[in-house]
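So the protein sequences, as listed, match chains A and B. Residue numbering for the first sequence follows our numbering, starting at 1 and increasing by one per position. Residue numbering for the second sequence follows our numbering, starting at 1 and increasing by one per position.
Where hints are given, some of them may not hold.
[As the list claims (entries may be wrong)] If you anchor each label on the Cβ, the simulated ranges turn out as follows:
| no. | chain 1 | residue 1 | chain 2 | residue 2 | range |
| --- | --- | --- | --- | --- | --- |
| 1 | B | ASN97 | A | GLY160 | 20 to 26 Å |
| 2 | A | ARG166 | B | ASP92 | 22 to 28 Å |
| 3 | A | PRO129 | B | LEU98 | 52 to 58 Å |
| 4 | A | SER141 | B | ASP92 | 47 to 53 Å |
| 5 | A | VAL10 | B | LEU52 | 22 to 28 Å |
| 6 | B | ILE69 | A | LEU28 | 48 to 54 Å |
[Stated by the list, open to error] Covered by chain A, according to a simulated footprint, are these stretches of chain B (three or more residues, beta-carbon under 8 Å):
| no. | stretch |
| --- | --- |
| 7 | 40 to 54 |
| 8 | 82 to 89 |
These are computed hints drawn from the structure, not numbers from a lab. Remember, predicted model here, so these are calculated numbers, not experimental data. Beta carbons are placed, not taken as given, at the ideal position from N, Cα and C, and that holds for glycine.
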Amino acid sequence: MNLAEGVQTVSFVVLATMMIASALGVVLLPNIVYSAFLLGGVFVSMAGLYLLLNADFVAAAQVLIYVGAVNVLILFAIMLVNRREPYAVIRWGWLRSGATGLVCIGLFAVLCSMILSAEWAVKPIVALPSTVAEIGKHFFSDYLLPFEVVSILLLIALVGAIVLARREYLPDEASSEEAFELVERPREPVAALGASSDRPLRGM
Amino acid sequence: MALQNFLLIAAALFCIGIYGLITSRNAVRVLMSIELLLNAVNLNLLGFSNYLDSANIRGQLFAIFVITIAAAESAVGLAIILSIYRNRETVDMEQFNLLKW
Numbered sequence: 001m002n003l004a005e006g007v008q009t010v011s012f013v014v015l016a017t018m019m020i021a022s023a024l025g026v027v028l029l030p031n032i033v034y035s036a037f038l039l040g041g042v043f044v045s046m047a048g049l050y051l052l053l054n055a056d057f058v059a060a061a062q063v064l065i066y067v068g069a070v071n072v073l074i075l076f077a078i079m080l081v082n083r084r085e086p087y088a089v090i091r092w093g094w095l096r097s098g099a100t101g102l103v104c105i106g107l108f109a110v111l112c113s114m115i116l117s118a119e120w121a122v123k124p125i126v127a128l129p130s131t132v133a134e135i136g137k138h139f140f141s142d143y144l145l146p147f148e149v150v151s152i153l154l155l156i157a158l159v160g161a162i163v164l165a166r167r168e169y170l171p172d173e174a175s176s177e178e179a180f181e182l183v184e185r186p187r188e189p190v191a192a193l194g195a196s197s198d199r200p201l202r203g204m
Numbered sequence: 001m002a003l004q005n006f007l008l009i010a011a012a013l014f015c016i017g018i019y020g021l022i023t024s025r026n027a028v029r030v031l032m033s034i035e036l037l038l039n040a041v042n043l044n045l046l047g048f049s050n051y052l053d054s055a056n057i058r059g060q061l062f063a064i065f066v067i068t069i070a071a072a073e074s075a076v077g078l079a080i081i082l083s084i085y086r087n088r089e090t091v092d093m094e095q096f097n098l099l100k101w
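Just chain B, same shape as in the assembly (with noise of 0.2 Å):
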């Protein structure tokens, strides 16, 4: 069990929500993907507090932040794609071009 292992596994969930980010059609699993970005930082941060500074665990108090940020993010988030939704009538993120030139 070494730090490495927990920093590749926090990478590989970290592309993979890039992936779901860029590629994903509906906005709700785009939203999804965000979630997986944040986790993968959690991840990082918990594996730093844990073995390069455990004597006083800073990292967990950032991933405490990070956790309550990313749940103002969500709530936020779905109240936009609700309202998106009622104007527009589609989760399409083709078709959410309001702001694009």
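Next up, chain A with everything else stripped away, as it sits in the complex (with noise of 0.2 Å):
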């Protein structure tokens, strides 16, 4: 084992104890923010185990786009939402639990033993120079309809979460400078909204 292949074994044994670890976290903490800082942890490691496989510009997209947009997505949401709740007992609570953990832990099973026993098809790895030239070239002669059709879907799912996550009501006595406040904080639902339109919603 030369030394190359020695920083490779340990990067990736550190990686995926890390890995492995911070998800558990997330699975398995009772506070949330924790569970969504280890996600951060996740895929800041699945980034490195990128690296390891070659892969330097879906390590960058992984930190970019995980790390930079869907864990502060996250994290506003569970800034928006945040209210202790004790979660109301559940009858066999308990044996649900248990039974997906078995189940999941059979499902290891049966994917380690078909990952050890399968005969893989490896070819020696090929150095390109580089994998961002080769991912252009993919996404702009056989790859362009799927890639298109992406941004299509990004657009369609920019305007849905907008429309999703806009207030239902529209305030009728406020005067129009008004009406563009921020109103997040008092969080009645929309049927006590409908009963009480009387009671001032702003100025909490």
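Put the two chains together into one complex; each comes in its own frame, and the hints tell you how they fit.
Written out as structure tokens, the structure is:
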């Protein structure tokens, strides 16, 4: 084992341990804010693993999109819906968690046996001069249609997210400059808003 | 460093994500588990791309598509959670039974 392989192995072990531990923390920790930050740890470790797999552009995209956009979005969602509520204990809840754990362990065992027993047609790795140029060539020649469809889908998701997250009611009696005030704080449900529409909704 | 190591790590991450997806009560945590699942799939795609198809890296293209879809999915999912939270005043998955018989 020369130096490069040793470095690769050590960094793989470190990144994999970090990723699995952070993922377990995401799923198992009771505080959801810790879970969100550990999710960022999972994403960063995944970017490191992508670098080990010679995918530098995807690693950069992972850091930019997942850590920079998705994780921040999840943190904002936690801040917006942050209400500590005691969850009602459901009957047979322990049985459900236990059965799910058993099913997941069984699935992992099946996947492990499949991975370790299959004959993978591994080819020797060709060192590309630049993965970015290769990805660009693919995107604008044989994957042009999926690329454009994905851009349309992003636009649709943008419009859909705005429409879904917009508040439903329009304050009638408000003057025009007050109507654009950010009203996120009073979180009455829509039914209660309709029942008591004369209540002042702003100014909390 | 073999392909099997990366596949085993991805399988473990996928199983952790499924466990969180089924057992968590908080709706935001369910979204985080879905992100874990998508990341596991991405790791599989990149592993196959590197070890089986390293001349023309098609797996990286698919990984980029998956990342894009995941960003769109998380934006729409969080908007849905926000909308449900306004109407029901809870994020407990056990009480989101609007479409359940």
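Taking the hints in turn, this is what the structure says about them:
| no. | hint | in the structure |
| --- | --- | --- |
| 1 | B/ASN97 x A/GLY160: 20 to 26 Å | holds, 23 Å |
| 2 | A/ARG166 x B/ASP92: 22 to 28 Å | holds, 24 Å |
| 3 | A/PRO129 x B/LEU98: 52 to 58 Å | holds, 54 Å |
| 4 | A/SER141 x B/ASP92: 47 to 53 Å | holds, 49 Å |
| 5 | A/VAL10 x B/LEU52: 22 to 28 Å | holds, 25 Å |
| 6 | B/ILE69 x A/LEU28: 48 to 54 Å | violated, 27 Å |
| 7 | 40 to 54 | holds (count 10) |
| 8 | 82 to 89 | holds (count 7) |
Comparing the model with each numbered hint stated earlier shows that hint 6 is the single one that does not hold.
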